[in-house]
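Engineer: Heads up: the protein sequence lines correspond to chains A and B, in order.
According to numbering that gives the first Met the number 0, the residues represented by the first sequence are 0 to 139, in order.
According to numbering that gives the first Met the number 0, the residues represented by the second sequence are 0 to 159, in order.
In short, the hints are calculated from the structure, not lab data.
Since the structure is predicted, the reported quantities are computational estimates derived from the model, not experimental observations.
Be aware that one or more of the hints could be misleading.
In silico DMTMM-like pairs for lysine to aspartate or glutamate, Cα to Cα no more than 25 Å straight-line [claimed, not checked]:
{"hint": "1", "chain 1": "A", "residue 1": "LYS56", "chain 2": "A", "residue 2": "GLU124"}
{"hint": "2", "chain 1": "A", "residue 1": "LYS128", "chain 2": "A", "residue 2": "ASP77"}
{"hint": "3", "chain 1": "A", "residue 1": "LYS91", "chain 2": "B", "residue 2": "ASP26"}
{"hint": "4", "chain 1": "A", "residue 1": "LYS35", "chain 2": "A", "residue 2": "ASP7"}
{"hint": "5", "chain 1": "A", "residue 1": "LYS56", "chain 2": "A", "residue 2": "GLU11"}
{"hint": "6", "chain 1": "A", "residue 1": "LYS114", "chain 2": "B", "residue 2": "ASP75"}
{"hint": "7", "chain 1": "A", "residue 1": "LYS46", "chain 2": "A", "residue 2": "GLU89"}
{"hint": "8", "chain 1": "A", "residue 1": "LYS114", "chain 2": "B", "residue 2": "ASP36"}
{"hint": "9", "chain 1": "A", "residue 1": "LYS114", "chain 2": "B", "residue 2": "GLU73"}
{"hint": "10", "chain 1": "A", "residue 1": "LYS91", "chain 2": "A", "residue 2": "ASP112"}
{"hint": "11", "chain 1": "A", "residue 1": "LYS56", "chain 2": "A", "residue 2": "GLU39"}
{"hint": "12", "chain 1": "A", "residue 1": "LYS128", "chain 2": "A", "residue 2": "ASP21"}
{"hint": "13", "chain 1": "A", "residue 1": "LYS56", "chain 2": "B", "residue 2": "ASP26"}
{"hint": "14", "chain 1": "A", "residue 1": "LYS114", "chain 2": "B", "residue 2": "GLU82"}
{"hint": "15", "chain 1": "A", "residue 1": "LYS114", "chain 2": "A", "residue 2": "GLU89"}
{"hint": "16", "chain 1": "A", "residue 1": "LYS68", "chain 2": "B", "residue 2": "ASP26"}
{"hint": "17", "chain 1": "B", "residue 1": "LYS37", "chain 2": "A", "residue 2": "ASP112"}
{"hint": "18", "chain 1": "A", "residue 1": "LYS56", "chain 2": "B", "residue 2": "GLU73"}
{"hint": "19", "chain 1": "A", "residue 1": "LYS114", "chain 2": "A", "residue 2": "GLU124"}
{"hint": "20", "chain 1": "B", "residue 1": "LYS37", "chain 2": "A", "residue 2": "ASP77"}
Computed beta-carbon distance windows for the label pairs [unchecked claim]:
{"hint": "21", "chain 1": "A", "residue 1": "LEU33", "chain 2": "B", "residue 2": "GLU82", "range": "46 to 56 Å"}
{"hint": "22", "chain 1": "B", "residue 1": "SER56", "chain 2": "A", "residue 2": "TYR129", "range": "36 to 46 Å"}
{"hint": "23", "chain 1": "A", "residue 1": "LYS91", "chain 2": "B", "residue 2": "ASN43", "range": "18 to 28 Å"}
{"hint": "24", "chain 1": "A", "residue 1": "ASN30", "chain 2": "B", "residue 2": "ASN33", "range": "39 to 49 Å"}
{"hint": "25", "chain 1": "A", "residue 1": "VAL42", "chain 2": "B", "residue 2": "ASP77", "range": "43 to 53 Å"}
{"hint": "26", "chain 1": "B", "residue 1": "LYS84", "chain 2": "A", "residue 2": "ALA10", "range": "23 to 33 Å"}
{"hint": "27", "chain 1": "A", "residue 1": "ALA10", "chain 2": "B", "residue 2": "THR156", "range": "44 to 54 Å"}
{"hint": "28", "chain 1": "B", "residue 1": "ILE154", "chain 2": "A", "residue 2": "GLN1", "range": "20 to 30 Å"}
{"hint": "29", "chain 1": "B", "residue 1": "LYS80", "chain 2": "A", "residue 2": "ILE3", "range": "30 to 40 Å"}
{"hint": "30", "chain 1": "A", "residue 1": "LYS128", "chain 2": "B", "residue 2": "LYS84", "range": "33 to 43 Å"}
{"hint": "31", "chain 1": "A", "residue 1": "TYR2", "chain 2": "B", "residue 2": "ASN35", "range": "31 to 41 Å"}
{"hint": "32", "chain 1": "B", "residue 1": "GLU82", "chain 2": "A", "residue 2": "LEU29", "range": "40 to 50 Å"}
Here chain A is said to cover these stretches of chain B; the calculated rule only asks that three of the stretch's residues, wherever they fall, bring their Cβ under 8 Å from a Cβ of chain A [what the hints assert, rightly or not]:
{"hint": "33", "segment": "1-8"}
{"hint": "34", "segment": "11-19"}
Ideal placement from N, C-alpha and C gives every residue a C-beta, glycine not left out.
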Amino acid sequence: MQYICSVDWSAESNKIISSSHDRNIYVWSLNQTLNKWLPELVVYKTKVSVLDVKWSKRGDKFSATTGSKLVSTGYFSDETGWWTCQSMKEHKSSVTCARFDASGLFILSGSTDLKAYISSSYIQEIDDKYTYDKLPYNKV
Amino acid sequence: MTIQLSAWVNTVAWNPTSSFCYIATHDAVFTVVNNNDKTITTINLTHSPFNHIVPQSNTSFVGVGFDRHIYLYEYDADKTKIELKNTLTKTQVAEETGPVKTGVSDIMKRFDAGQKKSIQVGSNANNFKHIHPALINSGHVLGNTVITSDYAGFIKTWNL
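The following block holds chain A by itself, in its conformation from the complex:
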């Protein structure tokens, strides 16, 4: 058991996500029968702590940042039946925080490399289900 560095709850999906210095991310779902929150381990390989996790507005994706310079977008893969992540390695140092925009298509991430990035967090399996009439900006 190690320091839990980030927790977030999604009102849309009623799920809790937690990350810890033990390099694990768990998604907690409420089991109505048992009236208990049950964890599911996210398939996520990192060598160092997961520093920050946050749900998107819809609650079907989450962002995760690590000390190994990764910014990741997590989602539930229907194909495999697991929570999994796709990662981006743009930063040159530990990524301290990341937040989705209102559409969930972009991530704003900040790091100890003195930079902030706005990157695409498009996941075909998740985002193709929705139509976007107007994006907040034309290009990143």
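Based on these hints, arrange chain B on the given structure of chain A.
Structural biologist: Frame of chain A; chain B shown alone:
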């Protein structure tokens, strides 16, 4: 898009319509990126850096940091200006009357005994009147109420 800053990034946030990006760095500089016209506005904070920022409306946000106070700022896109609107903790401390209880152990005993109520500071306060004894860890905004947690183990609500 890359935004070059001057120190480690403590926290980032978007406003509700995603037209502004808020970035707080450890050198007590606060940056707002306007995504509509791609302008960047910065302000040197007159207090300690922010540790956590939460949008309160489309143009205002609440920030908490290392100096145990809660700040309400507003960004004016037309004037490209960031202004401090209110310091919640200072305002509410000034309004308090009567003795101030600093009994941290007293509160923890109540918590352990099952009185797991959040402590509200303000006109409808409980018997406790409390000043933040420790650094504020994070804050969230719900309507006109700010909820904060701090390293002393307290969860508090504040009226905006």
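Engineer: Does each hint hold? Answer for all of them.
Structural biologist: Results of checking the hints against the structure:
1. A/LYS56 <-> A/GLU124: This hinted pair holds, its Cα atoms lying about 17 Å apart.
2. A/LYS128 <-> A/ASP77: holds (13 Å)
3. A/LYS91 <-> B/ASP26: holds (19 Å)
4. A/LYS35 <-> A/ASP7: holds (17 Å)
5. A/LYS56 <-> A/GLU11: holds (8 Å)
6. A/LYS114 <-> B/ASP75: This hinted pair holds, its Cα atoms lying about 24 Å apart.
7. A/LYS46 <-> A/GLU89: holds (17 Å)
8. A/LYS114 <-> B/ASP36: holds (20 Å)
9. A/LYS114 <-> B/GLU73: Status holds; Cα separation ~23 Å.
10. A/LYS91 <-> A/ASP112: holds (6 Å)
11. A/LYS56 <-> A/GLU39: holds (20 Å)
12. A/LYS128 <-> A/ASP21: violated (34 Å)
13. A/LYS56 <-> B/ASP26: Violated, at about 30 Å.
14. A/LYS114 <-> B/GLU82: holds (24 Å)
15. A/LYS114 <-> A/GLU89: Holds - the C-alpha atoms of A/GLU89 and A/LYS114 are around 10 Å apart, at most 25 Å.
16. A/LYS68 <-> B/ASP26: holds (21 Å)
17. B/LYS37 <-> A/ASP112: At roughly 22 Å apart (the allowed maximum being 25 Å), A/ASP112 and B/LYS37 satisfy the hint.
18. A/LYS56 <-> B/GLU73: holds (23 Å)
19. A/LYS114 <-> A/GLU124: Not satisfied, since the Cα-Cα distance of roughly 29 Å exceeds 25 Å.
20. B/LYS37 <-> A/ASP77: violated (38 Å)
21. A/LEU33 <-> B/GLU82: 46 to 56 Å: holds (50 Å)
22. B/SER56 <-> A/TYR129: 36 to 46 Å: violated (25 Å)
23. A/LYS91 <-> B/ASN43: 18 to 28 Å: Holds: the Cβ-Cβ distance is about 25 Å, inside 18 to 28 Å.
24. A/ASN30 <-> B/ASN33: 39 to 49 Å: Because 44 Å falls inside the window, the suggested range holds.
25. A/VAL42 <-> B/ASP77: 43 to 53 Å: holds (47 Å)
26. B/LYS84 <-> A/ALA10: 23 to 33 Å: Cβ of B/LYS84 to Cβ of A/ALA10: about 27 Å, so the range 23 to 33 Å holds.
27. A/ALA10 <-> B/THR156: 44 to 54 Å: Between A/ALA10 and B/THR156, where Cβ atoms are some 18 Å apart, the hint is violated.
28. B/ILE154 <-> A/GLN1: 20 to 30 Å: Check passed, 23 Å falls within 20 to 30 Å.
29. B/LYS80 <-> A/ILE3: 30 to 40 Å: Because 38 Å falls inside the window, the suggested range holds.
30. A/LYS128 <-> B/LYS84: 33 to 43 Å: Once the Cβ atoms are compared, 40 Å apart, the range 33 to 43 Å for B/LYS84 and A/LYS128 holds.
31. A/TYR2 <-> B/ASN35: 31 to 41 Å: holds (39 Å)
32. B/GLU82 <-> A/LEU29: 40 to 50 Å: holds (42 Å)
33. 1-8: holds (count 8)
34. 11-19: holds (count 7)
Of the numbered hints given earlier, the model fails hints 12, 13, 19, 20, 22, 27; all others are met.
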